[in-house]
Structures are given as structure tokens and as C-alpha cells.
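Trainee: Sequence:
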Amino acid sequence: MSAPDNCSLYLMTSGVSGSHMDLDDACLTKYLEEYLGPRRSSVFLPVCLIYLVIFMIGVVGNVLTCTVIARNKVMWTPTNYYLFSLAVSDLLVLLLGMPLELYELWQNYPFLLGKGGCYFKTFLFETVCLASILNVTALSVERYIAVVHPLRAKYVVTRTHAKRVILTVWGVSVLCALPNTSLHGIYILQSHSTSPAGNITLDIPDSAICMLVKPRWMYNLTIQVTTLLFFFLPMLTISALYMLIGLQLKREKMHQALEQQKARRRQVTKMLFVLVVVFAICWAPFHTDRLMWSFINNWTDNHREIFQYVHIISGVFFYLSSAVNPILYNLMSTRFREMFKEVMCHRPHHITPRKHSLSVTRVTLRSTLSDAPFSNGAAVVEAEAEDGEVRMKDETTFTC
Numbered sequence: 039m040s041a042p043d044n045c046s047l048y049l050m051t052s053g054v055s056g057s058h059m060d061l062d063d064a065c066l067t068k069y070l071e072e073y074l075g076p077r078r079s080s081v082f083l084p085v086c087l088i089y090l091v092i093f094m095i096g097v098v099g100n101v102l103t104c105t106v107i108a109r110n111k112v113m114w115t116p117t118n119y120y121l122f123s124l125a126v127s128d129l130l131v132l133l134l135g136m137p138l139e140l141y142e143l144w145q146n147y148p149f150l151l152g153k154g155g156c157y158f159k160t161f162l163f164e165t166v167c168l169a170s171i172l173n174v175t176a177l178s179v180e181r182y183i184a185v186v187h188p189l190r191a192k193y194v195v196t197r198t199h200a201k202r203v204i205l206t207v208w209g210v211s212v213l214c215a216l217p218n219t220s221l222h223g224i225y226i227l228q229s230h231s232t233s234p235a236g237n238i239t240l241d242i243p244d245s246a247i248c249m250l251v252k253p254r255w256m257y258n259l260t261i262q263v264t265t266l267l268f269f270f271l272p273m274l275t276i277s278a279l280y281m282l283i284g285l286q287l288k289r290e291k292m293h294q295a296l297e298q299q300k301a302r303r304r305q306v307t308k309m310l311f312v313l314v315v316v317f318a319i320c321w322a323p324f325h326t327d328r329l330m331w332s333f334i335n336n337w338t339d340n341h342r343e344i345f346q347y348v349h350i351i352s353g354v355f356f357y358l359s360s361a362v363n364p365i366l367y368n369l370m371s372t373r374f375r376e377m378f379k380e381v382m383c384h385r386p387h388h389i390t391p392r393k394h395s396l397s398v399t400r401v402t403l404r405s406t407l408s409d410a411p412f413s414n415g416a417a418v419v420e421a422e423a424e425d426g427e428v429r430m431k432d433e434t435t436f437t438c
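Heads up, the final residue of the sequence shown is numbered 438 in the numbering used here, and it's a clean run with no missing numbers.
Since the hints were derived computationally from the structure, they do not count as laboratory data. Don't take each hint at face value.
[To be verified] Derived CB-CB ranges, DEER-like: (1) 110 / 150: 41 to 47 Å; (2) 337 / 94: 32 to 38 Å; (3) 190 / 340: 49 to 55 Å; (4) 220 / 109: 38 to 44 Å; (5) 285 / 133: 37 to 43 Å; (6) 81 / 237: 38 to 44 Å.
Using N, Cα and C, we set each Cβ at its ideal position, and we do this for glycine too.
Whole structure, please, built from the sequences with the hints as guidance.
Mentor: Put into C-alpha cells, the structure is as follows:
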């Protein structure tokens with residue numbers, strides 16, 4: 039008889055009582071690995087190193103982003119409000135989500151945080167994923183209105199409206215995260231034996247794991263619906279909106295004679311294409327992971343091997359999307375870059391009457407056009423959308 043079978047028999051006949059009991063450690067380890075897999079991931083060390091680099095860059099960058107937007111009134115624009123919300127979402131992922139995942143890579147079982155911790159972990163990941171894509175979609179709609187319908191923008195693209203949309207986004211994300219959260223819980227391996235007193239069911243020690251505990255079809259349906267509503271449809275919407283923005287910029291270009299302006303418009307068009315592609319690259323592995331798990335019912339060794347790689351890649355790109363945004367802000371935004379330096383060097387911010395080139399973005403989607411400025415509390419959108427010149431109350435002109 040094989041070792042796992044001997045261990046299984048031993049567990050059923052040795053009087054399991056609730057803690058480590060008198061079970062042979064080697065036997066218990068073999069039994070758990072037979073049914074739950076290795077306790078520690080074989081890729082823990084390399085993945086841990088990658089995650090730690092992403093963690094340090096992401097936390098510092100997103101804290102700087104929040105600080106820059108919060109402390110400088112010139113940054114209080116609708117677009118930057120969405121970027122602030124995205125930075126908060128990224129910080130939640132990095133500060134709360136990444137440590138939980140690293141712990142599971144190091145020790146997949148037992149799950150020590152209990153049912154509440156399992157619910158929290160599932161709820162956190164689901165909420166921030168939904169909030170990110172909804173924030174990005176709302177930002178894209180705001181940019182579309184500002185560029186294609188500038189007359190409506192002063193009524194729609196406002197700070198008050200942005201705050202309401204952001205609150206709605208987080209509220210919807212919380213509600214839509216509940217179904218998947220409710221499907222998870224703590225699963226514990228049990229041994230069944232027969233005694234003169236009747237059938238006995240005993241929990242096997244160190245086998246608690248946070249996983250799907252409800253019927254599989256419910257999970258499959260939930261994942262497929264949320265992937266459709268919160269990935270494919272937003273991607274199609276975002277692509278269509280930026281295509282319309284590009285067409286609007288192209289129409290405007292026909293009325294421009296300056297080569298410099300034409301070059302700027304070509305650059306914006308290329309940027310929009312790159313941003314949408316990067317968004318798809320960062321999030322496609324994550325949704326591939328979920329769809330693969332929900333569609334495959336009969337797992338083979340090949341399926342498991344492929345899924346392991348997909349799962350690792352999706353995790354790296356998932357966290358990378360939370361860390362790369364501040365880097366992109368620095369590369370594409372003169373104003374963000376200068377304000378990052380001011381915060382890091384503890385220098386006071388001085389508004390000078392000169393133009394700054396600002397093109398802010400989000401790895402999971404991007405806004406490459408101007409922030410909607412404000413005059414007497416209303417948004418004013420200049421005709422030159424990609425230049426995004428903003429005239430503030432003090433008549434200082436900025437490029438957002």
C-alpha cells in the first residue's frame with residue numbers, strides 16, 4: 039500500500055482530536071500534500087523578490103501621487119481626482135493584498151486568519167479590481183466629453199461631479215464584490231471512521247484553506263459575468279471613446295497649419311494606442327486566469343502546468359499595474375515630475391506663469407489629454423484639447 043493510503047488509514051484510526059494530536063508529522067505532511075498540494079510554492083523565492091521590488095516602487099510612487107494631488111490646489115482637477123482614487127486603490131492592493139498573497143505562497147495551508155480573514159481577502163481583491171476598471175472607464179468618459187463635447191464639459195466635467203462619480207464607483211464595486219466573496223470560505227479536510235458509538239467525522243489538523251466552498255457552477259457564472267461586465271465591455275467602451283477622441287483631434291488637425299501642432303496630434307494618437315494596448319496587457323492575464331479556472335472542469339497535468347504559469351504571470355502583472363502608474367506620470371507629465379521632486383526634496387511649491395506639459399496616465403487605462411480647468415468653479419475646456427491649456431483665476435496658464 040502506498041504511503042498516502044497508509045496515512046489515510048492512520049488518520050481514520052488514530053483518534054484525531056483537534057490540535058496536532060499524536061499523528062506522525064511525516065505521515066500528516068504526506069497526507070496533506072496528497073490532497074492539498076505542496077505547502078510552499080516552488081516559485082516562492084523568485085516571485086517574492088519580484089513582488090518586493092514592485093511593492094517598494096508602488097508604495098512610494100502612489101503615496102507621492104496622493105501627496106502631490108492633495109497638497110497642491112492646482113492639481114485639484116476632475117482628472118486628477120480619478121487618479122487619486124486609482125492611487126488609493128493601488129495602495130490597498132499593495133499594502134493589504136500583496137502581503138496576504140506572499141503569505142499564501144510561503145504557506146498555502148493552514149490558513150490562519152479564519153473565515154473572516156478569508157472573506158476579507160476575497161472581498162479586498164474583488165473590490166479594488168472592480169474599482170480600478172470603473173475609475174478608468176469614468177475617466178475615459180470624462181476625457182471624451184471634454185474633447186468631443188466641450189460645451190457640455192463645463193456642466194459635466196467638474197470637481198463636484200467627479201467626486202460623486204468616484205463615490206458611486208466605490209459603492210458599485212463594493213456591492214458587486216459581494217457575490218464572489220460569499221462563495222468563498224474555509225475548507226478543512228476531514229477523516230471519517232466507524233466506531234461502536236457510530237460514525238465519527240474528525241477535522242484533520244493544519245488543513246484549513248481559504249477557497250471556493252459553494253457549488254462550482256455558481257462561481258463559474260459569477261466569474262464569467264463579472265469578466266464580461268468589468269473587462270470586455272469596459273475595454274470596448276474605452277477603445278471606442280479614444281477612437282472618437284482621435285477622430286476629433288484629426289478633424290481639428292485639418293484646420294491647423296503649424297507643423298508643431300500636427301506633430302503633437304500624431305504623438306497623442308500614438309499615445310492613445312499604446313495606452314490601450316498596455317491596459318489590455320496588464321489585465322488580460324488576470325482575467326485569463328479566472329476564466330481558465332471557471333471553464334476547465336476536468337483538469338489534466340498539462341492544464342495544471344499551464345495554469346501555474348498563467349497564475350504567476352497574472353499575479354506579477356496585476357501588482358505591476360499598481361506600481362507602474364507613478365512611473366508613467368513622471369515620464370509623461372512635467373508637472374507631476376516637478377511636484378514629485380518638490381515633495382521628495384521638501385521644497386515649497388511656487389506657481390510660475392509658464393507652461394507645463396502634462397499628460398497623465400493609468401496602466402489599466404490612460405488619460406493623455408488635458409484636465410478640465412476651472413474658472414469661477416466651472417470647467418473650461420480650450421479648443422486645443424491635446425494641448426489642454428488651462429487658465430486659472432490668477433490668469434496663470436498651465437498645460438494639463
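Trainee: Now look at each hint and say whether the structure bears it out.
Mentor: A quick look at each hint next to the structure:
1. At roughly 43 Å, the beta-carbon separation of residue 110 and residue 150 lies within the given 41 to 47 Å, and the hint holds.
2. Look at residue 337 against residue 94: about 36 Å separates their beta carbons, and that is inside 32 to 38 Å.
3. Distance hint check for residue 190 and residue 340: the Cβ-Cβ separation is about 53 Å, which falls inside the suggested range of 49 to 55 Å.
4. Checking the proposed 38 to 44 Å range against residue 220 and residue 109 shows it holds: the Cβ atoms sit about 40 Å from each other.
5. About 41 Å separates the C-beta atoms of residue 285 and residue 133, a value consistent with the hinted range of 37 to 43 Å.
6. The hint said 38 to 44 Å for the Cβ distance between residue 81 and residue 237, and at roughly 41 Å that hint holds.
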